[in-house]
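Colleague: This is what each chain is made of:
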Amino acid sequence: MNILITNGRLIDQAGERLASVRISDGIIIEIGDQLAPDADNSGAEHLIDAAGLVISPGFVDLHVHLREPGREEAETIETGSRGAALGGFTAVVAMPNTDPTQDSVGVVEFVRQQGKRAGLCDVYPSGSITMGRKGEQLTPFAELANAGVRLFTDDGNGVQDPQLMRRAYEYASDLGVTMAQHCEVESLTAGAVMHEGSCCSHLGLPGWPSLAEELMVHRDIELVRLTGASAHFLHLSTAGSVGLVRAAKADGLPVTAEATPHHISLTDELLASYSALYKVNPPLRTIEDVMAVREGLRDGTIDAIATDHAPHVSETKEMPLDQAPPGMLGLETAFGVALAHLDMPLADVVAAMSWKPAAIAGIADRHGRPIALGEPANLVVIDPGEAWEVVPAALASKSRNTPFIGVPLTGRVKHTILHGDITVRDGKAQK
Amino acid sequence: MSRSLLSITELGETGLRRMLDTSDHMAEVNRRPNPKVPALRGKTVCNVFFEDSTRTRLSFETAAKRLSADTMNFSVSQSSLNKGESLRDTVETIAAMGVDAFVIRHGSSGAPWQIGEWTSISVINAGDGWHAHPTQALLDMYTVRTALNRPISVDGGSFDGLRVAMVGDIKHSRVARSTTEAFKLLGANVTWVSPKTLLPPVHDESVVANLDEVIEDVDVLYLLRMQNERMSEALVPHLREYTARFGLTPERAARIGRHVLVMHPGPMNRGVEMAVDPGELPGSVINQQVTNGINVRMAVLFELLGSGSENSLTGNTES
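Protein chains in written order, with this note's numbering: chain A, 7 to 437; chain B, 62 to 380.
Just to be clear, a hint being listed does not mean it is correct.
Below, a sample of chain A positions facing chain B; criterion: calculated Cβ distance under 8 Å [as the list claims (entries may be wrong)]: (1) G76; (2) E78; (3) Q143; (4) L144; (5) F147; (6) G203; (7) S204; (8) E275; (9) L276; (10) Y280; (11) E321; (12) E324; (13) L327; (14) Q329; (15) A353.
Just the calculated beta-carbon pair ranges, DEER-fashion [claimed, not checked]: (16) A:G125 with B:S63: 31 to 37 Å; (17) A:E192 with B:H264: 49 to 55 Å; (18) A:D105 with B:V269: 29 to 35 Å; (19) B:S136 with A:D105: 55 to 61 Å; (20) A:G182 with B:V269: 18 to 24 Å; (21) B:S63 with A:I411: 48 to 54 Å; (22) A:G249 with B:R316: 36 to 42 Å.
Simulated from the structure, these hints should not be mistaken for laboratory data. This structure is a prediction, so every number in the text was calculated from the model and none was measured. All C-beta atoms in this analysis are idealised placements derived from N, C-alpha and C, irrespective of residue type, glycine included.
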């Protein structure tokens, strides 16, 4: 496919400039002020008018639950990939809490192949840290690393045993892979459905204390200091966690962190509705935590925005709060939520959604690349000024558990280009 | 009046006072030789209990029958719900049978709110999780008002100056939350008597950590049920120690004044929080609480489902 994107505002690692971009066979072949449509083979070149729009490297999501294999009624790799493309993502990291777990080469290869088959977004499977995510026995990191896995996590659960986690960091440090921790000390969160604070006290709901996250962030920072391995912290949600990671980075430790769109936009007060749409793990926290997470993104303590896209079929959310599963959709709303809630230059938001997470995922050779000659054409074209609202029926996800229905969002993905093919055009998925 | 009664918060002070006034009318009905009136004839009240509570269900059922409503009982154990039917499916199925009010008891906080979102039927919260138990709070207020003969109505009157100690497991208690709120709406001073392990994580109530600190300075001593399973969660080391610090022992009973009202939402844990025979306490109003439960639940049903006309309370019905 040949594509010409004209007169866009380019944003990448190199800065900002106005230009047109010509793409052929998946590669950027020309960049210039005034590129004209190719007269020789008119019609063979797809034209995208980007006047007033921003062209950036495609987004990379470090944290999605695509539910396949195991819970295809909630999402499949195809429907999740379509949602990803609509959200401007050209690459996603699939969490390992599938059934079976992504703890063997076979399952990991299956996920990758399903991603390729859908062809809407590059799907990079993560591996679990422990077999079956049971927290007992390490997965074969080297085997999985040879199969291309770069990020390991037991997401959905943190690894509770400090000795086992120490071994994981030590063993991983030789392999060039990163441990990504879901920070939750489970003995402090048994039965919890929301943030522990004045809201949960009033609502009579069991609380999930900030301490349960911060204890494990602290433990893992110290394990990184001890072992020299690198760690990535998933979905940080508390002011204390942000402070711990900020201090660790100041000490020069190889740690990175992500935050979700919902932890920069929603607070625990929403649980007063008792709607399970707002149940998520880690839970929505206070406005002070929200402000601290935003500040962490602004000052670079938190490297990336990652969605924790977690589809659930509606009947499981139509249960009492303590029985409903945690999680909310994220892929299709991430950019609009981020831009609406972050007081940051657009280029910094794009960085947190593109080349910074690409580096953490170990895919910076293919995604989040500068927009330059010879680079792979994984791009997104966005309208940062467009105000919009989610239409549930228009969601590509199989599930509908988004809390952002009726919430004004700013910034919309117009076109997404994956390996030089248009996957989304004018906000519509092309397959 | 709203079509539902979910919490004291939503009922508000005016609604609370009105319910107390209406409860007086119902008490009058209940004193008649034939305590049955046609007020809710043709209405159907469905008791949907996801958590066992024979006492509360019987109280609601009696209240509905004395108002001539038809009653249905639907008991659901949590295990049958786990067979794949969502809470929404369950209540929509019952709603489709044509009922006018749901009386909901659920072990999960918030379930009555969810049900109120999914159906257009009146919902009466008969206790949800740790959260709220508004009819218990109403019967408690009615009991104290009656016992102390305080002229509290929509026209005025209050519990100003009344010193209430609420003793025990506040954290897990819907009774503590709702009854504390109702007492405060009517002007009483409430002190929570509880160890930190049994308090909500964040609150702004006044707290003392030992019953002896307040026992001689209260007008109402409200004992909460102490559940055995709290020990396995390491919230208290031992029930014996709990009784020593927070139980109403014979020694403490001897120290309280004869005017002090002793209350308990039931069922009592004899020998734990209630380490004396309540029948020997001059100020015990525990049985009145049960009796008044019928009065206030009739008032709630009448206010939510009735025509609003007091004519329907005159004249007995033989139907």
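Colleague: For each hint, tell me whether it holds in the structure or not.
Modeller: Status of the hints after comparison with the structure:
no., hint, in the structure
1, G76, "17 Å, violated"
2, E78, "17 Å, violated"
3, Q143, "29 Å, violated"
4, L144, "32 Å, violated"
5, F147, "37 Å, violated"
6, G203, "5 Å, holds"
7, S204, "4 Å, holds"
8, E275, "13 Å, violated"
9, L276, "12 Å, violated"
10, Y280, "3 Å, holds"
11, E321, "4 Å, holds"
12, E324, "4 Å, holds"
13, L327, "6 Å, holds"
14, Q329, "7 Å, holds"
15, A353, "40 Å, violated"
16, A:G125 with B:S63: 31 to 37 Å, "53 Å, violated"
17, A:E192 with B:H264: 49 to 55 Å, "25 Å, violated"
18, A:D105 with B:V269: 29 to 35 Å, "51 Å, violated"
19, B:S136 with A:D105: 55 to 61 Å, "34 Å, violated"
20, A:G182 with B:V269: 18 to 24 Å, "59 Å, violated"
21, B:S63 with A:I411: 48 to 54 Å, "26 Å, violated"
22, A:G249 with B:R316: 36 to 42 Å, "50 Å, violated"
The structure fails to meet hints 1, 2, 3, 4, 5, 8, 9, 15, 16, 17, 18, 19, 20, 21, 22 from the earlier list, while all remaining hints are met.
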